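Peer 1: Chains as they are written, first to last, in the numbering used here: chain A, 15 to 459; chain B, 15 to 459; chain C, 15 to 459; chain D, 15 to 459.
Quick caveat, the hints were computed from the structure, so don't treat them as lab data.
All values reported here derive from a predicted model rather than from experimental measurement.
Please note: incorrect hints may appear among the correct ones.
Simulated crosslink set (DSS-like; lysine-lysine; CA at most 25 Å straight-line) [unchecked claim]:
# : chain 1 : residue 1 : chain 2 : residue 2
1 : A       : Lys-304   : A       : Lys-140
2 : C       : Lys-329   : D       : Lys-53
3 : B       : Lys-140   : D       : Lys-333
4 : D       : Lys-54    : C       : Lys-329
5 : C       : Lys-114   : C       : Lys-140
6 : B       : Lys-114   : C       : Lys-329
7 : C       : Lys-415   : C       : Lys-248
Protein chains: 4
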Amino acid sequence: MKREIENPKGKLGILSVGLNGAVTTTFLAGTLAIRKGDKKPIGSLTQMGTIRIGRRIDNNFPLIKDFVPLANLNDLVFGGWDIRNENVYESAISANVLEKNDLETVKDEMKRIKPMKAVFEKRFVKRLDGDWVKTGSTKYELMESLREDIRNFKKENKLDRVVVIWSASTEIFIKESEVHSSLKLFEEGMKNNHPDISPSMLYAYAALAEGAPFVMGAPNLSVEIPALVELSLKNQVPIAGKDYKTGQTLVKTVIAPMLKARMLGLHGWFSTNILGNRDGEVLDEPDNFKTKEESKLSVIDTILQPELYPDLYNKYYHKVRINYYPPRGDNKEGWDNIDIFGWMGYPMQLKINFLCRDSILAAPIVLDLALFADLALRSGMYGIQEWLSFYFKSPIHSKEKVPEHDLFIQLMKLKNTLRKLMGVNPITHLDSNGVEESVEEYYPD
Amino acid sequence: MKREIENPKGKLGILSVGLNGAVTTTFLAGTLAIRKGDKKPIGSLTQMGTIRIGRRIDNNFPLIKDFVPLANLNDLVFGGWDIRNENVYESAISANVLEKNDLETVKDEMKRIKPMKAVFEKRFVKRLDGDWVKTGSTKYELMESLREDIRNFKKENKLDRVVVIWSASTEIFIKESEVHSSLKLFEEGMKNNHPDISPSMLYAYAALAEGAPFVMGAPNLSVEIPALVELSLKNQVPIAGKDYKTGQTLVKTVIAPMLKARMLGLHGWFSTNILGNRDGEVLDEPDNFKTKEESKLSVIDTILQPELYPDLYNKYYHKVRINYYPPRGDNKEGWDNIDIFGWMGYPMQLKINFLCRDSILAAPIVLDLALFADLALRSGMYGIQEWLSFYFKSPIHSKEKVPEHDLFIQLMKLKNTLRKLMGVNPITHLDSNGVEESVEEYYPD
Amino acid sequence: MKREIENPKGKLGILSVGLNGAVTTTFLAGTLAIRKGDKKPIGSLTQMGTIRIGRRIDNNFPLIKDFVPLANLNDLVFGGWDIRNENVYESAISANVLEKNDLETVKDEMKRIKPMKAVFEKRFVKRLDGDWVKTGSTKYELMESLREDIRNFKKENKLDRVVVIWSASTEIFIKESEVHSSLKLFEEGMKNNHPDISPSMLYAYAALAEGAPFVMGAPNLSVEIPALVELSLKNQVPIAGKDYKTGQTLVKTVIAPMLKARMLGLHGWFSTNILGNRDGEVLDEPDNFKTKEESKLSVIDTILQPELYPDLYNKYYHKVRINYYPPRGDNKEGWDNIDIFGWMGYPMQLKINFLCRDSILAAPIVLDLALFADLALRSGMYGIQEWLSFYFKSPIHSKEKVPEHDLFIQLMKLKNTLRKLMGVNPITHLDSNGVEESVEEYYPD
Amino acid sequence: MKREIENPKGKLGILSVGLNGAVTTTFLAGTLAIRKGDKKPIGSLTQMGTIRIGRRIDNNFPLIKDFVPLANLNDLVFGGWDIRNENVYESAISANVLEKNDLETVKDEMKRIKPMKAVFEKRFVKRLDGDWVKTGSTKYELMESLREDIRNFKKENKLDRVVVIWSASTEIFIKESEVHSSLKLFEEGMKNNHPDISPSMLYAYAALAEGAPFVMGAPNLSVEIPALVELSLKNQVPIAGKDYKTGQTLVKTVIAPMLKARMLGLHGWFSTNILGNRDGEVLDEPDNFKTKEESKLSVIDTILQPELYPDLYNKYYHKVRINYYPPRGDNKEGWDNIDIFGWMGYPMQLKINFLCRDSILAAPIVLDLALFADLALRSGMYGIQEWLSFYFKSPIHSKEKVPEHDLFIQLMKLKNTLRKLMGVNPITHLDSNGVEESVEEYYPD
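Go ahead and model the full structure; you've got the sequences and the hints to work with.
Peer 2: Below, the structure is given as structure tokens:
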């Protein structure tokens with residue numbers, strides 16, 4: 015029953031879009047430090063997580079990285095694109111996420127990592143300006159240049175495989191339109207410079223065309239459009255996204271399931287955020303905020319299933335605010351006020367204040383996604399990888415299904431998928447008490 | 015594969031220990047109002063919850079109460095014991111949980127419900143005094159009197175079955191000792207008035223001897239002692255407990271799993287509580303608080319598995335405080351401060367402020383537990399019911415296994431047990447994408 | 015040295031603009047209940063406050079209402095204008111601030127209070143619609159109609175004096191312009207229907223023209239324009255405003271002085287508010303929010319004096335958000351996050367969560383302001399009453415002085431003004447220890 | 015009218031009890047860095063504060079240090095006692111308040127500062143052990159040794175004056191008894207080793223006997239006992255105390271006055287604290303906590319004056335908790351929940367979360383108190399200095415007066431005392447509007 019999985023031989027390239035941003039530089043500094051043995055890979059499920067095999071009393075909990083054949087950190091090679099031409103050490107210093115001291119041991123390696131020129135269109139990210147950008151008369155040409163970058167990077171570094179991952183800015187809100195509806199129309203659109211084709215779509219196309227998995231870390235409308243899903247199926251490449259689930263939404267996706275588990279009703283949910291990094295600056299622009307807002311708002315509705323529980327969830331009021339607040343830098347802070355009701359309709363309140371750090375929470379997700387996307391490729395899994403929903407605010411999904419937002423279902427889905435991949439039975443948490451006789455075929459408890 | 019389950023014919027008696035307390039009177043007022051159609055059963059999984067059958071795209075979500083044969087609310091008859099001789103309407107007024115207006119329609123029914131005399135020993139609950147208490151020369155005699163009460167209640171009300179549920183106070187902390195180790199020694203102990211036999215153990219014994227399931231809602235050392243587990247197996251009666259999971263601990267059992275899911279480390283967790291009801295008053299006594307504290311402290315350790323994740327959870331500091339604060343009455347409030355760390359060891363904080371209501375959260379749990387305990391009895395399930403862990407702060411469990419505290423695993427365990435009971439396959443949340451071929455035998459996704 | 019103050023003989027009319035709004039109906043219900051002896055005047059300085067006379071050890075603390083000759087509550091007569099034609103009992107019920115039970119004893123009196131037709135112009139409050147409004151071909155005509163209302167009200171109720179107080183909505187943001195610069199131009203403007211003349215200015219003009227003090231409870235640009243100040247001086251009538259200081263700003267005006275008192279620096283102050291009443295709805299409109307925002311933002315700067323303390327307060331970031339959030343109704347909630355720094359520049363944070371009630375906090379302010387404005391009139395004080403700054407978010411003030419925002423300085427100013435009025439020495443809180451010899455002329459300590 | 019004040023010629027010694035503790039080392043590092051021009055004296059009123067002279071419109075705001083003749087930072091010489099024999103640089107590193115980087119420029123100076131042997135009695139601080147302690151057969155002998163230390167320190171450093179300031183631990187709770195009632199009995203007591211004479215009293219006696227002002231920074235029963243007040247009057251030396259007002263209490267002393275200013279009632283106030291430094295460890299001992307608790311509890315009652323406002327403040331519930339929580343180190347955190355009520359008795363809540371830093375808040379207070387105590391000495395002020403109440407949780411005060419806790423009255427008292435000292439009229443904040451004619455003799459507005 016076990017799948018054939020190619021072993022991870024040779025080197026794996028990780029190409030980041032937004033190479034010099036806070037998320038990627040934090041990811042790079044950490045991964046290099048972990049590789050050196052200076053730091054533990056805190057926050058990374060692939061590196062620290064375990065997976066239960068068999069019954070609970072069997073006490074068999076291997077590390078995930080010992081259970082499935084992931085690429086080894088020592089085989090990773092890093093590169094990417096950015097609109098600023100700096101080495102990533104300089105960028106990490108100015109991002110001001112990590113203290114200078116913590117960059118000391120990886121300084122030299124980081125200085126050697128520099129971006130390739132980016133595809134950039136100001137209309138999509140109005141608050142930013144770039145001077146390290148490609149020129150080309152059509153979007154198709156720009157995309158071709160990205161493909162060339164990928165091929166060159168692979169050749170120069172003698173890589174076996176490459177993964178492309180977007181950790182760059184949120185683009186403005188756009189709707190799916192005809193040009194996105196098929197690969198054919200999309201390819202024509204690139205040649206005609208269709209305005210609905212965003213830079214992030216060009217990166218996705220380029221990656222998939224080169225057989226590289228593509229991961230979308232921002233809430234952009236991008237790799238999930240029919241045209242690109244079509245390409246991923248045609249070329250048999252995995253895709254995943256979108257919008258890393260880090261601070262406030264991470265908490266929401268455990269609190270909302272708790273309310274539903276206990277059949278507690280919801281009158282309203284107010285979420286506000288203060289953050290002061292570049293992400294905050296970009297989202298201060300209403301068109302870009304709208305993209306983020308859509309991503310954040312859908313979460314609760316999908317989890318609470320108002321159609322199943324109209325008495326509990328039919329009329330709640332949900333508001334999400336993001337506020338650019340420079341004093342905090344990368345240390346964003348979420349404040350949620352949740353108005354609930356219980357037995358006899360009595361109201362109660364839950365307030366959550368999360369003093370988190372954007373890039374610190376996102377960095378290990380980048381690592382996990384790169385490694386899991388590569389695993390998927392080698393395992394012959396392609397198209398949308400729903401089992402990676404665990405990492406995303408807006409999991410991309412096939413049209414006939416709603417996305418899964420509940421963090422714990424996401425985790426179970428991820429782990430049972432890994433078990434399946436290795437030919438091991440899934441866990442059901444079925445209670446073995448009193449109903450023992452007939453549970454041979456799956457692992458209870 | 016489906017179990018033989020007796021249909022719930024006839025009437026079911028629910029006998030509450032602490033009949034006149036805030037939890038039971040709130041449970042009674044609500045259940046009567048729901049039965050009348052005045053209120054919705056908010057907070058009750060048995061009444062409002064659904065259960066998915068089959069694949070997600072099958073879109074088949076019956077109500078739990080339509081899926082398994084639960085007793086109907088109209089067949090419930092209420093009674094119990096208390097140390098104060100009042101009708102439950104008077105007690106509900108003085109408990110001050112529900113507003114007078116909300117009691118109006120059920121006033122007459124509530125006035126007719128009055129307590130039987132309780133078994134009470136002041137040493138176990140120092141802050142309370144009782145004047146409606148049984149006398150007897152030995153604990154055995156007191157227990158016999160409880161059995162007689164149960165038999166009389168059953169006869170007078172022409173009941174088919176009875177469930178006994180403890181919603182009374184927390185007793186002082188006691189350790190398991192020899193007298194608790196076997197049924198034989200325990201029975202001798204009752205005759206010799208052994209000081210380690212608490213009132214709550216007498217209730218449990220009486221219930222089990224009469225074939226009635228027993229549920230322990232406080233953190234007392236009681237029905238989980240070997241002597242009483244032995245009796246439950248011998249008489250084939252289900253038992254469940256302990257300590258209703260309502261406010262702060264409810265939240266903890268979703269936040270701790272979230273941290274573990276994301277491999278975020280923990281430096282410290284400080285939990286404080288303010289509450290002003292009788293429960294708060296009793297817990298202001300150090301010996302009684304100790305019982306509660308033990309119940310609350312173990313939760314996080316069990317979830318986080320420091321033995322598996324020493325780099326993340328080996329050295330955290332956990333403190334739980336409960337403060338008697340009369341201005342709030344039954345409206346307790348929890349404040350949690352959680353010091354976590356992520357990538358590169360960087361610290362973050364999560365603060366949770368829960369303005370909840372003790373009895374409002376506990377009341378639907380009483381209803382669910384009574385109905386599920388009765389279902390277990392009719393289904394031939396007996397001994398410890400681990401699948402009801404979902405409702406408890408300190409799930410009682412067999413000695414060879416650690417308890418399950420994660421709210422979402424608890425819920426999955428509960429639902430998959432119900433599915434099993436009805437001969438339906440468990441849900442695994444296995445992703446159907448890319449690994450479709452071999453998942454016939456369980457429901458993926 | 016004591017002023018000549020006319021005794022409050024006869025009846026005092028209080029005419030509220032926004033008679034049927036949440037603030038005024040709450041004010042009315044409470045004042046009537048207090049008058050009946052059903053309730054204590056919680057929150058009212060004039061009714062419950064004391065004032066120290068002489069040295070601290072003299073132990074002489076009369077009630078303010080016994081110290082200065084205020085109108086008696088029994089001599090108050092209530093009326094006003096609104097855009098909805100309901101009696102104030104109906105409006106109080108739909109405002110949903112006070113529970114029905116609490117309105118029972120004053121129901122009949124409230125039913126008899128009904129609004130006169132209002133002056134309304136939709137452009138100034140876009141979210142509202144009115145059907146109980148005056149018509150007139152010019153603003154001058156509308157104003158004349160208001161004057162007539164005042165005269166009739168006085169005559170019909172046989173009043174000695176009248177005060178007009180605005181507790182209606184926030185109007186859109188407008189800037190002071192030429193038409194506001196002199197009485198002459200303003201009067202021409204009314205005749206020409208100048209667009210910069212708002213309804214609230216017409217009410218203010220009408221009141222002053224009739225010799226009635228005018229109080230502005232919203233942040234509207236209104237009575238402080240030069241034209242109306244000129245009229246208040248000419249007719250010798252007191253004016254006061256603006257924007258009742260109730261929830262979040264109340265707290266800010268004590269926390270900011272604390273920071274300054276201790277020379278703690280400020281990096282940033284983020285304030286957000288959720289509220290669900292009509293006020294929230296009106297402020298959801300950007301033009302109306304702007305008026306409120308201006309009122310709220312200026313507070314901190316004025317208190318912190320960045321020009322005096324550049325190292326502490328030169329570069330802080332201040333953001334104020336108001337969010338319409340219907341689940342809360344009148345129970346608004348403020349959340350402030352304050353980033354401060356201390357010794358060696360080390361950062362600290364202060365977070366304040368105020369679960370308040372808009373109208374509950376505003377109602378006693380309406381009472382106090384009406385009584386104090388009347389006292390001022392009888393004492394021969396006219397023009398801007400800075401000693402009433404205590405009650406306002408944006409105290410109106412003469413052009414050559416900055417407003418005083420510090421709540422404690424405001425209180426001292428208010429009380430010392432009352433002392434002066436009654437010919438009693440002001441309090442200086444001068445320490446009498448060690449420097450006793452020379453403090454004859456003021457009350458130390 | 016101006017006092018004769020000696021100019022601060024020569025050098026001023028500051029002798030700290032608890033020289034190696036977190037507060038003193040932070041004070042020393044900061045003061046040395048400020049003296050070098052590396053840092054600004056954030057948090058210090060003497061160094062950064064201004065004082066208004068004359069009317070508001072005069073716009074005359076000199077710095078306090080330019081207005082009154084304070085000692086110059088360059089003339090300060092530092093020393094003290096501790097129970098550990100380390101230089102203060104080592105201690106600052108292990109205190110972990112300031113980052114190593116921030117100590118770099120003052121490292122050498124700090125290394126040269128070392129403690130003299132302390133007077134220590136374990137019974138008074140059970141959680142600590144000391145190995146750098148004086149021996150002596152009587153308390154009198156120990157005190158004599160302290161006097162000798164002071165004289166030697168003065169001579170060796172060629173000092174003009176010395177101030178002694180206690181920044182050491184909280185001692186256990188003791189009550190005032192006969193031995194404290196007069197200088198004579200106290201002196202006998204020292205000779206007889208009376209158990210009620212604590213180490214901190216010996217330091218106070220020694221300082222006063224040597225003509226050095228004594229400041230008590232902890233809540234210990236010490237310099238305010240009649241015996242020592244007697245000595246301070248006899249030797250004409252200023253004394254001040256007690257318990258630096260830093261985190262939670264600082265906030266309380268502005269929030270409580272706000273409630274009173276607005277006549278808002280109080281149902282309850284719950285304060286909890288988490289802190290992980292040595293202070294937290296000492297206060298984990300119930301006898302030491304009791305001393306702190308008394309200091310913290312009295313504050314609100316004194317401010318709210320329940321005897322004047324029985325309807326508002328007669329029955330509130332006040333609870334203070336301190337929790338030792340090591341993860342935070344010196345970064346303590348306060349959480350206050352305040353249950354208030356307003357108009358018509360309606361309840362509201364205010365919650366305050368202060369993420370502060372103990373030593374960062376205390377350090378500038380040490381500097382200010384040393385300089386002001388020295389100013390008092392040179393100005394001929396002696397005995398209890400109530401005008402320094404601004405800095406203390408439990409201001410010591412003469413028996414016939416209640417202490418002043420309101421931060422703003424304290425600040426006004428401090429500033430008006432300085433004005434008086436320099437022969438300048440006090441500020442009354444009297445409104446000049448409308449009542450101008452008779453305010454010649456004090457500064458209005």
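Peer 1: Broken hints, numbered, in rising order?
Peer 2: 5, 6
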